[in-house]
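Novice: Here are the chains, one letter per residue:
Number of protein chains: 2
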Amino acid sequence: MDTNDLPGNVLDPNCPSRVVFQRIGDKWASLVIQVLGDGPVRFSELRKMVNVVTPKVLTQTLRALERDGLITRTVYAQVPPRVEYELTALGESLLQPLTMLRQWAESHVPTILEARDAYDDAQDEALLRSPN
Amino acid sequence: MDTNDLPGNVLDPNCPSRVVFQRIGDKWASLVIQVLGDGPVRFSELRKMVNVVTPKVLTQTLRALERDGLITRTVYAQVPPRVEYELTALGESLLQPLTMLRQWAESHVPTILEARDAYDDAQDEALLRSPN
DNA sequence: CAGTATCCCTCGAGATACTG
DNA sequence: CAGTATCTCGAGGGATACTG
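Line by line, the protein sequences give chains A and B. So for the first sequence, numbering that gives the first Met the number 0 puts the first residue at 0; every next one is plus one. So for the second sequence, numbering that gives the first Met the number 0 puts the first residue at 0; every next one is plus one.
Where hints are given, some of them may not hold.
Pairs count within a copy or across copies, as identical chains cannot be separated in the list.
[As the list claims (entries may be wrong)] The calculated lysine to any residue pairs, modelled on SDA-like cross-linking and capped at a C-alpha distance of 20 Å, are:
id: 1; residue 1: K26; residue 2: A63
id: 2; residue 1: K26; residue 2: S16
id: 3; residue 1: K47; residue 2: R17
id: 4; residue 1: K47; residue 2: T110
id: 5; residue 1: K47; residue 2: C14
id: 6; residue 1: K47; residue 2: D116
id: 7; residue 1: K47; residue 2: N13
id: 8; residue 1: K55; residue 2: S43
id: 9; residue 1: K26; residue 2: D11
id: 10; residue 1: K55; residue 2: D11
id: 11; residue 1: K47; residue 2: D11
id: 12; residue 1: K26; residue 2: A117
id: 13; residue 1: K26; residue 2: G36
id: 14; residue 1: K47; residue 2: L89
id: 15; residue 1: K55; residue 2: R72
id: 16; residue 1: K26; residue 2: Q95
id: 17; residue 1: K26; residue 2: K47
id: 18; residue 1: K55; residue 2: E65
id: 19; residue 1: K55; residue 2: C14
Quick caveat, the hints were computed from the structure, so don't treat them as lab data.
Please put together the full structure from these sequences, using the hints given.
Specialist: Here it is, written out as structure tokens:
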């Protein structure tokens, strides 16, 4: 890694800081993190809360988060098996920026949706004027 | 939109607030936004700064951002053509949470990288102990 | 319960070439 | 200069079925 620490390196798609953005954009990862923000959750609970994700995909997501040191996986030796996932300190520290983002989202999404409608309408109109 | 405004709706993958997370995670969108944070930029400049993205992909990205009302596209009628992209007020307001995220990333990515190494090493070791 | 093992299949990024 | 038009290819998400 020979990239310097200037803010400019965010422009490099290979900059390691991109991994964070990738996780945020991941379909399930950010959801899982938010859920775990309230405390440890079991695999099957997670599946339900996060709205019927397939076990394979959920496992992939959880493994990735565990690998990044954002969550821990604890197996309780008992039958039936019981596995709990929990945020690490690192994971919890991500909660803050995540919340900020969510707040921005909640307050601005209506505007975005309006912008989309307006854009799409303008598109349609343009099509009507110059039919191909 | 019949979803309530409880924080819990973030768990719904169809929740509109997800569009924000998608943009953040988009390979180029967040980069473009950060670049435009310093002022209007032309298409070709954008291409260079963002590290040789193909014109098709850059166009897609820009159109999406424009549709969401995050940037504007201004065509100057002259030869050769000149098109500038610029953040809207909405787009600028996104700069703040984006910066927070970037700061988190810059200060925690080393930890994440270490966690990955540790995880991968543990995996390798486990493989050695129980060869398939 | 908490996964793993397969197969499928779409979608998005990239390469390449062409145009107003 | 600022795009558009095709094609390809691989990764990731999902469905389904099976296991310790």
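Novice: Which holds for K47 with L89 at a C-alpha limit of 20 Å: within a copy, between copies, both or neither?
Specialist: So K47 and L89 fail the 20 Å test inside a copy (25 Å) and across (34 Å) alike.
Novice: I want to check one pair: K55 and D11. Are their C-alpha atoms no more than 20 Å apart within a copy, between two copies, both, or neither?
Specialist: So K55 and D11 pass the 20 Å test across copies only (19 Å; inside, 31 Å).
Novice: For K55 vs S43, is the C-alpha pair at or below 20 Å within one copy, between two copies, both, or neither?
Specialist: Intra 12 Å, inter 42 Å, cutoff 20 Å: intra-copy only.
Novice: Under a CA distance limit of 20 Å, which applies to K26 and D11: within one copy, between copies, both, or neither?
Specialist: This pair counts as between: shortest inter-copy Cα distance 11 Å, intra-copy 23 Å.
Novice: Checking an output row: K55 and E65, CA cutoff 20 Å. Within, between, both or neither?
Specialist: within (15 Å within a copy, 35 Å between copies)
Novice: Between copies, within a copy, both or neither: which fits K55 and C14 at Cα up to 20 Å?
Specialist: neither (29 Å within a copy, 23 Å between copies)
Novice: At most 20 Å between CA atoms: does that hold for K47 and R17 within a copy, between copies, both, or neither?
Specialist: Answer is between: at 18 Å across copies they meet the 20 Å cutoff, but 29 Å inside does not.
Novice: Can you tell me if K26 and A117 fall within 20 Å by alpha carbon in one copy, between copies, both or neither?
Specialist: neither (27 Å within a copy, 25 Å between copies)
Novice: Up to 20 Å between alpha-carbons, please classify K26 paired with K47: within, between, both or neither.
Specialist: Answer is within; shortest intra-copy Cα gap is 15 Å, inter-copy 29 Å.
Novice: At 20 Å max between alpha carbons, let me know whether K26 reaches G36 within a copy, between copies, both or neither.
Specialist: For K26 and G36, only the intra-copy Cα distance (17 Å) is at most 20 Å; the inter-copy one is 26 Å.
Novice: Which holds for K26 with Q95 at a C-alpha limit of 20 Å: within a copy, between copies, both or neither?
Specialist: within (19 Å within a copy, 23 Å between copies)
Novice: Measure nothing new, just compare the shortest in-copy and cross-copy C-alpha distances for K47 and N13 to 20 Å and report within, between, both or neither.
Specialist: between (35 Å within a copy, 15 Å between copies)
Hints 4, 6, 12, 14, 19, counting from the list given before, are not met by this structure.
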